[in-house]
Amino acid sequence: MSAVDVNQAPATLGRARVRPAAPARASVWQRIWRDRIMLLLILPGVLYFILFRYLPLLGNVIAFEDYLPFLGITESPFVGLANFQSMLSAQAFWQATANTIIIALLQIIFYFPAPICLALMLHGIISTRVRRIIQNVVYLPHFISWVIVVSLWQQVLGGSGIFVHTLRDLGLPAINVMTEPGLFKPLVTAQLIWRETGYATIIYLAALLSIDSALYEAAVVDGAGRWQRLWSITLPGLLSVTVLLLILRLGLILSVGFEQILLQRTAVGPAAGEVLDTYVYFTGIVGGQWGITAAAGLIKGIIGTALVIGANKLAHRMGQEGVYS
Amino acid sequence: MIDAASVNERPAWLERENHLERVVKIGVFGVVIFAVVYPFLSVLATSLASEVDVVKNGGLVIWPEHPTLNAYRTIFAGGVVTRAITVSIAITAIGTLLSMAATIGMAYGLSRQVWGGKYFLLLALFTLLFTPGIIPNYLAVKQYGLLNTYASLILPVLVSAFNLVVLRQFFMNIPSELLDSARIDGANDWDILLRIVLPLSKAVVAVVALFYAVSYWNDFFNALLYLNDSSMWPLQLIVRLYVVQGAPLPGAGDVAGDTPPLQSIQMAVVVVAMIPILLVYPFLQRYFTRGVLSGAIKG
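So the protein lines, in turn, are chains L and Z. Those letters in the first sequence? Residues 4 to 328, by this note's numbering. Those letters in the second sequence? Residues 747 to 1045, by this note's numbering.
Extracted from the complex, chain L is given alone in its bound form (with noise of 0.2 Å):
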């Protein structure tokens, strides 16, 4: 009786006090017990995060596998590189490629600077009512699915819509943009420029409330104009957040709008609208060549982990706290 309860009266009192604080001599197994609710607490998620997005990556072995679904991964025969080998001379799979960095380039050119302009805006209204209202407006898409979203365009663009009827009676020839290949990859542009734009102008407006309202009125003093403010005080304010920004979106080169574009692809047709995403959907869950398109994502795994890596090194280097810090 004695001895025991000596002995752990100071354990007790230092848990009732501080908890960093616990003697550094506890084992294991007492900081543990010590902490058994608090662990108990993470236990459901530490074991979402293990179930769904660690072990998953075991089975990209069906990329080295002649995969076939009721054999299982383990009985399907190992066949080494051919899944690469094949990926690399399958056409679909560059044409997937090339369509992917074709978007990616076009998001980076006319979506990346849209939230930029819509920012200096709405930064340029004084009123604050009017402001909120205009923002109230323009985050809103953010929140409506793709599914939505495509349905909206559809009744607004496609063949019903007010837009070819607008062609039609100003005599022209009716074009449904929905359904013309060629004009896939600007319209999944156009509808990311829709959705996002208005969301992605909060990060811009924080930046520029802080700047310092003294370097206007000193270069006001200084008989520095409207334009002159913009390009040498306001740009500045933007240009730390807008590089960390397109870092980052450089580092995401390779995904581009997966639910957006999978929604559209059969439109189109794959030669207009295959981007690597939806390639290995409907190559391989859906037609049946597993190994294949397991390799393709698995490449396309790894370039976009280093890709995402090396962005937030390039970001840290810059002097910005990347993704993780």
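None of these hints come from the bench; they were simulated from the model. All residues carry an ideal CB built from backbone N, CA and C; glycine is no exception.
Far from chain Z, some chain L residues (derived; all Cβ distances over 10 Å):
id	residue
1	Phe-67
2	Asp-69
3	Val-82
4	Ala-95
5	Leu-108
6	Pro-189
7	Trp-234
8	Gly-272
9	Arg-320
Residues of chain L placed beyond 10 Å of chain Z at every Cβ, according to the derived structure:
id	residue
10	Phe-87
11	Ala-93
12	Ile-256
Quick look at which bits of chain L chain Z covers, simulated, 3 or more residues with Cβ under 8 Å:
id	stretch
13	145-157
14	277-287
15	299-313
Knowing the structure of chain L, use the given hints to seat chain Z on it.
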């Protein structure tokens, strides 16, 4: 984003804009707002239109002159759409509850110094850098025997590392003196979470819950990937099938009397699929414009 009242006034140094600048500015914002709002109005107008309205202008409805709720009556009369709505509501409610339980538990545990906490946090943060990919995800869900179950719409997306970080950041800012004093009074970690931490974090918990709810409601790809049986499909997939892909809607025209035009029914389905988002949007935007999340948004 701090919108102090003082920002409301024109600073003394700022020159007044001339008429031309004013007109251009109003014009540009007018176009932007029209471009965002018009598609919504067009869908709403078409969903309320009757046969006469739809036919009159070759399918284009600007303003339904004979508005009717028949399209809505049709889709709520039972059948595919009604069932899909039920599925979506149930998945959103149950999914959000489970996600919140897992995320709050993990965020709270990792907001204090616990055994192994650093490694558990890294385990979650690393997932921001990569995803297993479509095929490995599919194989895992298949391996766990979750194909064609509703669990496949929830478990694979249970915790978002981003939401976890937002909650943990907030919990960490709760002064530890508060929690320590409760501990001295005999409260255990569980009591502290329920009685102190959660009541202090109502706003951020509400925002994170709404973010989860929006993503469950909007999801279609997991259902497409994991559910073969179209009678199990949630609303977004039904919208994809009958509106985006234009498949003929079974059961359209079951309502006695005049049949609503197909276009109106399609648009009514779209309206129903976005109403929950429009309802929660005022709450969502109140928090993110106030900046609860802007500090956590990094790109």
